[in-house]
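> The residues making up each chain are set out below.
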Amino acid sequence: MRLLRFLLIGVLFGIVLTKSEVISWYRIQEMFRFQSFHMYGVIGVAVIAGAIVQHLFKAGLVGGFDGKKIFPKDKPKTYTASLIGGTFFGLGWALTGACPGPLYILFGQGYWSIMIVIASALMGTLLYGVLRSRLPH
Amino acid sequence: MITLEWLTGTWHWSISGLLIALVLFLMLYFGERFGVSTSFQTLCSIGGAKRWSSYFNLDWKKHDWLLVFIVGSMVGGFLARTFLAPAEAMTVTPETLEALSDIGIQAPEVGSILPEELFGLSQGNSWLLLVLGGILVGFGARYAGGCTSGHAISGLSNFQLPSLIAVVGFFIGGLVMIHFFFPFLFTLL
Numbered sequence: 087m088r089l090l091r092f093l094l095i096g097v098l099f100g101i102v103l104t105k106s107e108v109i110s111w112y113r114i115q116e117m118f119r120f121q122s123f124h125m126y127g128v129i130g131v132a133v134i135a136g137a138i139v140q141h142l143f144k145a146g147l148v149g150g151f152d153g154k155k156i157f158p159k160d161k162p163k164t165y166t167a168s169l170i171g172g173t174f175f176g177l178g179w180a181l182t183g184a185c186p187g188p189l190y191i192l193f194g195q196g197y198w199s200i201m202i203v204i205a206s207a208l209m210g211t212l213l214y215g216v217l218r219s220r221l222p223h
Numbered sequence: 521m522i523t524l525e526w527l528t529g530t531w532h533w534s535i536s537g538l539l540i541a542l543v544l545f546l547m548l549y550f551g552e553r554f555g556v557s558t559s560f561q562t563l564c565s566i567g568g569a570k571r572w573s574s575y576f577n578l579d580w581k582k583h584d585w586l587l588v589f590i591v592g593s594m595v596g597g598f599l600a601r602t603f604l605a606p607a608e609a610m611t612v613t614p615e616t617l618e619a620l621s622d623i624g625i626q627a628p629e630v631g632s633i634l635p636e637e638l639f640g641l642s643q644g645n646s647w648l649l650l651v652l653g654g655i656l657v658g659f660g661a662r663y664a665g666g667c668t669s670g671h672a673i674s675g676l677s678n679f680q681l682p683s684l685i686a687v688v689g690f691f692i693g694g695l696v697m698i699h700f701f702f703p704f705l706f707t708l709l
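In the order they appear, the protein sequences are chains A and B. Each residue of the first sequence is one higher than the one before, counting from 87 in the numbering used here. Each residue of the second sequence is one higher than the one before, counting from 521 in the numbering used here.
Warning: the hint list may mix true and false statements.
Which residues of chain A face chain B? A few of them, derived with a C-beta cut under 8 Å, are [stated by the list, open to error]:
id, residue
1, 87
2, 94
3, 97
4, 99
5, 106
6, 107
7, 153
8, 155
9, 165
10, 172
11, 191
12, 197
13, 202
14, 208
15, 209
16, 215
Because the hints were derived from the structure by calculation, they are not lab data. The structure presented is a predicted model; accordingly, all values stated were derived computationally and were not measured. Each residue gets a CB set at the ideal place from its N, CA and C atoms; glycine is no exception.
This is chain B alone, in the form it adopts within the complex (with noise of 0.2 Å):
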């Protein structure tokens, strides 16, 4: 039987990194750029929002290889996780775990790669956090005029400034997170 133990483990970081640069350059060959929180906006507008603001005020029809790009990548998840799964739980550096067990999130358990106490939704106040976090993502990303793939990405490859300070944003409200409120917001749960 032949192994595929390279398909279905944890990709290498050197392999993921000139993929996604490959993922870079077809979008920019086909004509378009590489940012993914610009879906926001444009879902929003389909949603009507232009109502409320001219921000929303653009052709959504300008954005459809976008939407579509998005469709690609649910497919692309599902395909890897149906097809490509690993046989044991992704292993998290114990110094990390440990660190999380003080604030009650364990290990993943196979087949999972989120906690099961905040995406479970098992314990009560969990969705509290996921609407707060996922408010931050939205309002910030749209904020700094992108997120990962838009600015860390595309920016950073492109040697733009705004690019720059934004990751340096980013890892500012990463760390506060973590070290400030972390401890705090989890006894919520």
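Chain A with its partners taken away, still in its complex shape (with noise of 0.2 Å):
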């Protein structure tokens, strides 16, 4: 039963990500160039809509599902692996035309090649595993 609830979830985050079109390659090159508002619509009202969502958890004034207050997370204040590690990624993001969630939804849709840019990013990730000790972060 739990575990239904986040199929479900992802399931509606793979058919909106699909029909707003933001997992198109074309898309993100649209963004980059500064070319069509398309995206940055979709990702401001997102952030927006977002913090009225995160305000009224972090606010008390929606609990959980269980009754339990929500505290979003703090991300870790490691500020130099957010401008690097964020400027590795957009160098990918860029080329690739998909950031993760849009690769495992492109894969769900029979493009196949997309397996490719999966596996790579798994090995990316363990590129940073294993070199993680030795990065500023």
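Both chains are given apart, each in its own frame, so use the hints to dock them into the complex.
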């Protein structure tokens, strides 16, 4: 039952990202070339509406499904890692036109060459895990 | 006949943004987080990567909800492409198409949202670019501690400074890739 919930939320996520075309390589090109408002609109509205959502939880106006208070977690203050890691991620996002969510969604749609990107992303993750102690954070 | 164009066409950005915030709400409401790239770490752990780094020394069962979410997103993508497919090719901004044709990439074909030149694997070296891009996505997302969902959506909407810095990094990387590396990389195709 617990897992079924997340399966259904995932289905919603997959449909929304497909129909808003944010999983398209071309939309990411438009975004990084500042030639379309679409991606900025999607992310902008999601952030503004998301801020209201998080405020409702933080202020205790809405609780979790089990009645407990929800505390959205703070991100670790590793600013150097955010900037350098973020830049690496941006390089890959622009090249493949897909961030992690869309990678899985595209795979589900039957774009089989995406498997190469997913397998490589796992290699990249492994590389990070191995180098982690030597990288600035 | 009832027309379903509002459902099969491109959804408006405001609707999509609100629905993504609904996904964020549901994830938090049911006691978890909204961040997809953590799954890379989880999948590496399942594959036995802890023998190489303690970073993968985690109990993957604590992330079972995330793995199920990902399976759901694949199903959602399949359903949307199968049953809600638009009749026409997606429209891309003309200026973008013009710039892309300069590096040998054509407009999307009907029923496809990815460029055949890069993802069709018909041209010899395109898989190399997919490997390079994938490594950058995986390495960068885990180094930064999150991707678009974890930093740009969850983090920014929770006013997290590390997330704002990560998003600045996303754009530095994205702009550098497109304006400096693209012209070179796509001659490899």
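> State for each hint whether it applies.
Now for the hints, and whether the structure bears them out:
Annotation: residue 87 (chain A) was flagged as interfacial toward chain B, and the flag is violated, the nearest CB pair being 11 Å apart, outside 8 Å. Evaluation of the residue 94 (chain A) hint against chain B yields a held restraint, the C-beta minimum of about 6 Å falling below 8 Å. A distance limit of 8 Å between C-beta atoms decides the matter here; for residue 97 (chain A) the minimum to chain B is near 4 Å, and the interface restraint holds. The beta carbon of residue 99 (chain A) is positioned within 8 Å of a beta carbon in chain B (closest approach about 5 Å), and the interface hint is therefore held.
At about 3 Å, the closest approach between the beta carbon of residue 106 (chain A) and any beta carbon in chain B falls short of 8 Å, and the interface hint on this residue holds. Against a cut-off of 8 Å between C-beta atoms, the interface hint on residue 107 (chain A) holds, since the closest Cβ of chain B lies about 5 Å away. For residue 153 (chain A), the suggested interface contact is broken, since its CB lies about 11 Å from the closest CB of chain B, more than 8 Å. Of the supplied interface hints, the one on residue 155 (chain A) is violated, with its beta-carbon coming no nearer than about 11 Å to a beta-carbon of chain B, more than 8 Å.
Using the Cβ-Cβ criterion of 8 Å, the hint placing residue 165 (chain A) at the interface with chain B is satisfied: the shortest such distance is roughly 5 Å. The closest approach between the C-beta of residue 172 (chain A) and any C-beta of chain B is roughly 2 Å, which is under the 8 Å cut-off, so the hint is satisfied. The closest approach between the C-beta of residue 191 (chain A) and any C-beta of chain B is roughly 4 Å, which is under the 8 Å cut-off, so the hint is satisfied. Taken as an interface hint, residue 197 (chain A) checks out: its beta carbon lies about 6 Å from the nearest beta carbon of chain B, inside 8 Å.
For the restraint placing residue 202 (chain A) at the interface with chain B, the shortest Cβ-Cβ distance is roughly 4 Å, inside the 8 Å limit, so the hint holds. Among the interface hints, the one on residue 208 (chain A) holds; its C-beta lies about 6 Å from the nearest C-beta in chain B, closer than the 8 Å criterion. Checking residue 209 (chain A) against chain B: minimum C-beta separation of about 6 Å stays under 8 Å; hint holds. Below 8 Å, beta-carbon pairs count as interface contacts, and residue 215 (chain A) has one with chain B at about 4 Å; its hint therefore holds.
Checked against the numbered hints given earlier, the structure breaks hints 1, 7, 8 and satisfies all the rest.
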